[in-house]
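**Q** For reference, the chains in residue letters:
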Amino acid sequence: MEKRVTFKGIWLPLLLVLPQILITAVFFFYPAGQAIYQSLFIPDPFGLSMQWVGLGNFEYLLSDRYYRASFLTTAIFSILVTVVSMGVALYLAVLADRLIKGSGTYRTLLIWPYAVAPAVAGVLWLFMFNTRVGVVTWYLGLLGYDWNHVLNEGEAMGLVVVASAWGRISYNFLFFLAGLQAIPKSVIEAAAIDGARFWTRFRTIVWPLLSPTTFFLLVVNIIYAFFETFGVIHTITSGGPQQATTILVYKVYSDGFVGQDLGSSAAQSVILLAIVSVLTVVQFKYIERRVHY
Amino acid sequence: MATVTLKNLKKSFGPTDVIHGIDMDIADGEFVVIVGPSGCGKSTLLRMVAGLETVTSGEVQIDGRVVNNEEPMDRDIAMVFQNYALYPHMSVFDNMAYGLKIAKVPKPEIADRVATAAKLLQLEPYLQRKPRELSGGQRQRVAMGRAIVRKPAVFLFDEPLSNLDAKLRVQMRLEIKQLQRELGVTSLYVTHDQVEAMTLADRMIVMNAGVADQIGAPLDVYANPATEFVAGFIGSPPTNFIDAALIGGGGGGGGRIGIRPEHVRLTDQGQLEAVVGYAEALGAETLIHLRAKDGGQITVRQDAGQPIPHEGQTCALDWDTAQVMRFDANGMRQ
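Protein chains in written order, with numbering that gives the first Met the number 0: chain A, 0 to 292; chain B, 0 to 333.
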């Protein structure tokens, strides 16, 4: 039996997909095309002329040690954000899954941070860790620790990781909780009767059955850390100190809009585009092959 | 092997009392079936024995030891669930071996025990398959195998056959009975199907709204129901209930009499008149449904050879007084 809806003519289906195609064309294909086009030129500082350089921008980037350093920074940053946000979320989800009373309230409260825009979250964390008036900085001072993320590269990285991971915990929590609740209760009970205590059950039953959710979140969180954390970094560190928190997407902005090197910036965008394409392909391939128990 | 003892066992969920005090001694190797309609608390009772529900008051004893506060894994029991509860990501072999691996049984012995169980349950060709690649009946067998390999003191079955089709259910029912006979393990079996209860049980507990209405051997319960509920629940088609006032001399006080369909005869002159509704010819027997004067439904079971009355015909019904069960207004046997 044909499960898909079939249309007789061509015009109605075309009309139905047109809005989506228009939006994609205006906000994705056009800018992406522009980026690819511009990545092959070097414009003069006033934007009056452009000089064809072929793949020159890319050649320069790949030999640029600051660009390569930014790759490493991005890798460290996204791994930390993903591990922290998924780890905390899984922990909270396991606790919430065991909760019988008040789980609705608990869940609602945990979802709130997701509604906070990354830039706002960045400002919130910046206030708390402000080197002069921050509450946390003051308490750390009482403990004898001199917090200064403006000068200390490690502290700067730590702060942007925490601020980026914070809002993300809510999102991951929801998926993990849904994943946990999709595991039949009787399977867990059967394992309990079979002699498995909490940790053994988690390791041998829950974790394997949760793996589709975990993999999905892994890809989604890496993409988030790569691209959507711009606001957090811009508000807290602006990529500093000494480019210690300049991740790839921030470098696109700082080289292009601050440094006015539009050709290089466009080339960086194209490289990012390639990375996100690969990640998306991985994700789709996986979802198609996803095991349904 | 073990005995199971329930002492004034009660369960409440918040302010709601679900089980109102059950007392029972289950002998070593006995097959006891807990039967009742949905919501009567039979599964809750089983889950309390398993340790999956806390005991509100009273005692659960396994082999003379109070296990109220013991974890399920420490009670030496195995359970077969309604939805089988197999581990979906493990092969049949690993499903059965899981409990043994946790108990740190040596590998050769695990392989040995699983092989024995697989042979017993005719699962040998499927040991490397995943549960999703098996049919319902095979999954049911794997669930049984998982229980068997651990050699527990008590088997608990929670409606294990209700997800199977009718034919397979009858076949698995037989297999469970044979298996239990062979292994001689004390078993508690929950079902809502009174036929399963009748065929499997050494003794059965008929539960009604959290109370054990009657405990006894199947045929005793069938022949001598203690309450109107038991008389109506055990037996298919169910017992006919007739207002005592309608046939006169019922003792008054709103009581009813119960008479089983096979004990009612259609005659020319009897104790009650009724109008024939419709007849169901089942081959070996015929069920005739009639309506009494007060609107009460009466079913008569007769052998296939006997004449079937026409729809709308008025018939007289007769029965032996010895077969009549009298119940008072509270549904208790008089």
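Calculated directly from the structure, the hints in this document are not laboratory data. Note that the structure is a prediction, hence the values are computed from the model and not measured. Glycine included, C-beta positions come from ideal geometry on N, C-alpha and C. You may find that some hints are simply not true.
Here are the computed distance ranges between Cβ atoms for each label pair [stated by the list, open to error]:
1. B:Glu132 <-> A:Tyr138: 52 to 62 Å
2. A:Thr213 <-> B:Arg131: 41 to 51 Å
3. A:Arg196 <-> B:Gly135: 25 to 35 Å
**Q** Look at each hint and say if it fits the structure.
**A** For each hint, the structure was consulted:
no.: 1; hint: B:Glu132 <-> A:Tyr138: 52 to 62 Å; in the structure: holds, 58 Å
no.: 2; hint: A:Thr213 <-> B:Arg131: 41 to 51 Å; in the structure: violated, 20 Å
no.: 3; hint: A:Arg196 <-> B:Gly135: 25 to 35 Å; in the structure: holds, 31 Å
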